[in-house]
Structures are given as C-alpha cells and as structure tokens.
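S.K.: Here are the chains, one letter per residue:
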Amino acid sequence: MPQLNPEFFVSQLFWLAVFFTFLFVFLWRVSLPRIATVLEKRQNKIDENLSSAKELQEQAMEIEKKINDQINKAKLETDEKIKETINALQEDVSSQLSSLDKDLEKKVSDAEKEILKSKDDQMKNIDNEIANITKLTVGKITDIELSDNEINKVIETHKGSFN
Amino acid sequence: MAAKDSPLKQFEIDPISNIELGGYNISFTNSSFAMLITVLVITLFLTLTVNTRSIIPSRMQLISELMYNFIAQLLSDTVGDNGKRYFPFVFSLFMFVLIGNMVGMIPYQFTFTSHIIVTFALAAVVFIGVTILGFVNHGIKFFTFFYIPGVPFYMHPLLIPIEVISYLSRPISLSVRLFANMLAGHTLLKVFAGFVVSMPFFTGVFPLAFIVALTGLEILIAFLQAYVFAILTCLYINDAYHLH
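Going down the list, the sequences are from chains A and B. With the working numbering applied, the first sequence covers 1 to 163. With the working numbering applied, the second sequence covers 1 to 244.
The following block holds chain A by itself, in its conformation from the complex (with noise of 0.2 angstroms):
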C-alpha cells in the first residue's frame, strides 16, 4: 500500500504545510474579506430600502391620516353648512308664511268689511227702492198718492221681518 510508505512523508508534509498555509493566508487575507465585503454591502442596501421602504410607508399613512382628517373636517364644514341653510330656509319660508297670512288677513278683513259697507250701502238702496215701487204700485192700484213718510214709517215697522 503506497500510502503506508514513508518514502515520501516528509515531502508530503512540506508541500501540505506550504499549499494548505498559502491556501489559508489568501483566503484569509483576500478572497474572504471581499465576499465579506460584497455580502454586507448587499445587507446595508437591504436594510436601507427597508428602512426608505418604511419611512415612505409612515409617510404615506401620516398622509392618508391628513387626507382623513381634511374629509372628516370637511364633511363637518358641510353638515354646518347644510344645517345653517335649512335653518335660514325655514325662518325664510316662515316669515313670508306669516306675512302672507297677514296679508290674507288684512285682506279678508278688509273684503269682509267692503261686503258688510255693501250690504249697508244696498240694504239703504233697498229701503228707497221698496219706498218706491210701493209708492208706485200703491199710486198704480189705488190711485192713492202716498207721501213719502208715510211708506217710511211702514217699511220701518217692517224691515225685521226679511232682515
């Protein structure tokens, strides 16, 4: 078996000890600390986006919060609005409503007044005209010429009855 022939130990513990030393220093030295290198720039650029990731997130949530905030302010302001309108509406509409009735009032009085001073205008017309056709028809019937007076005193004891 070759590998128990100690011809060549001591060569193999030489070359072993210079590669495996050389191997060890380079790696150690240079090829380790560029990998390194690469993996934790790699880390750094994650962590940052994360972290730009997160600021954008706060930044767009303390957004939507104003947004909310404006909507809901906003949504009051109109409501106020509204309530103010309606309100001033109905003073409005009521004011005119009760000038109006007095309006109405005014001219139903004022009508009922005209058709009570009619009603006296015709109820004197009435009393002449009665004088008159009974003036006329007594003269008619009778030949009998009746003095004024006399058809006034008889409409007078009379006007109760078709009053």
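What the hints contain is simulated information worked out from the structure, not anything from laboratory work. Nothing here was measured: the structure is a model prediction, and the numbers come from that model. Cβ coordinates follow ideal geometry from the N, Cα and C atoms, glycine included. Hints may contain errors.
What the hints assert, rightly or not - Estimated spans, in silico, between C-beta atoms of each pair:
1) 129(B) x 61(A): 51 to 61 angstroms
2) 13(A) x 73(B): 27 to 37 angstroms
3) 6(B) x 22(A): 25 to 35 angstroms
4) 53(A) x 144(B): 45 to 55 angstroms
Claimed, not checked - Which residues of chain B face chain A? A few of them, derived with a C-beta cut under 8 angstroms, are:
5) 11
6) 26
7) 27
8) 32
9) 35
10) 39
11) 50
12) 55
13) 58
14) 66
15) 68
16) 86
17) 89
18) 92
19) 117
Said to hold, decoys possible - Derived contacts from chain B toward chain A, CB cut-off under 7 angstroms, selection only:
20) 53
21) 118
22) 121
Guided by the hints, dock chain B onto chain A, whose structure is given.
M.R.: Same frame as chain A, but now just chain B:
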C-alpha cells in the same frame, strides 16, 4: 496480480522534480501537484468570481457566496458567536478537502486526500489547535472535560479513561474517515475499471455502467467527507469553549 495492474497503483507517488532540503527528500510529486491544482482552483475561483463585487451576483459569484454562507452558517450553528474567529481556518480546511477530493475525481489525477499522512496532518492541526484553545480558554479546568457530571461516582474510574481515549483518538478517527473513504472509493472504481477491460467484449458495459453510477456516488462522498471534516472541526472548537 501484477504490480502495474494493482488498483492501488493509482496511489503511488511519483516525484516530478527531486528536491532535497537539509537531508530531507521534499520532492515535488504528483501529490504536491494535485495540491497545487487544488489551491489554484480555490484561490482563482474565489477571487475572480467576486472580482466585480456586484450587489446582484453573477452565477459564479453566487457559488462563492453560497460556499461562504454554507460554512459561516455551519460555524454559527455549532459554535455560535465565538466561531467567527475560526471561520477562515474552517473554510480553508473545507475547501481544501472538498476541492482535493473533486480534483481526485478527474481521471488519472492524483487524490492527495487518499493519503493517510495528509489527512492525519490536517486532523493533527485541528486536534492540537483545539487542545491549545481549550487550555487557553479554561486553563487547567480543561481537564474537567473528561469528567462527565451527573454520573454515579463509581462509574468515573471507567468513564474518565474512556473519555480520554475518545479525545485522543479524535485525530485518528478524523483522518482515517477521510482517508479510508477516498481509498475505498478510488480502489473500487479502479477494480471495476479493470473488469471493463478484462471482461469479454460487450459484457464490459455492465461494470462500465457501474463505474458511471459509482462516480456519482464518489462525487457525493467527496462533498460529504469534506462536510464531515468541517463539521467535526466545528464541534471540536465548540468543545474547547463549552466543557460538559
């Protein structure tokens, strides 16, 4: 079986150039050449693929990063935060064994991890390093590592020697595991490769198919053994920090 046909012939070391230093033979051999290839592959791959240092990695860079993270994860899972200091060593060890095994899977290429002296040297470095680490961290208290708490006192005369032996056999089990796996796999491949040649005409297809399947298995084992080597190193480092 003639020596030139032996399935163990692939493990023979051939000097490429003869060098002597202070009376010792330190010839540059096919084993040293395989180590050179391994080191070159690792260093070039890990350096060139990460050359651009892209935030969004290329596929090759991703492989390097995956290896890095694989061992970093392994170390932090087994040792925790203390393990970061040993990351370059464990990573070098893992890559050296892994690529050494993989280079060995190339036909006609020498597999240096199939030599007990190499794996034992690596395991010895781990063992000695971890033992020193244990004494540095705990001083003389490190010996309480062999004392298992919560066991009836009359068991200790039995358990303490067992613990000591199991501790001392760590480098042996660590090195023999890797060495034996590589030795067995490559020998098996060679044996079946011999069948391909020696069997009558078309029946040689069957051992050939077996070799194809076995090569897949061997690549898996090459990775697995490197992983086992690395994870055991991590566990030993952990033991040097946390006694029972």
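S.K.: Against this structure, judge whether each hint is valid.
M.R.: Evaluated hints:
no.	hint	result
1	129(B) x 61(A): 51 to 61 angstroms	holds (55 angstroms)
2	13(A) x 73(B): 27 to 37 angstroms	holds (32 angstroms)
3	6(B) x 22(A): 25 to 35 angstroms	holds (33 angstroms)
4	53(A) x 144(B): 45 to 55 angstroms	holds (52 angstroms)
5	11	holds (4 angstroms)
6	26	holds (4 angstroms)
7	27	holds (5 angstroms)
8	32	holds (4 angstroms)
9	35	holds (4 angstroms)
10	39	holds (5 angstroms)
11	50	holds (5 angstroms)
12	55	holds (5 angstroms)
13	58	violated (11 angstroms)
14	66	violated (10 angstroms)
15	68	holds (5 angstroms)
16	86	violated (11 angstroms)
17	89	holds (6 angstroms)
18	92	holds (4 angstroms)
19	117	holds (5 angstroms)
20	53	holds (5 angstroms)
21	118	holds (6 angstroms)
22	121	holds (6 angstroms)
Checked against the numbered hints given earlier, the structure breaks hints 13, 14, 16 and satisfies all the rest.
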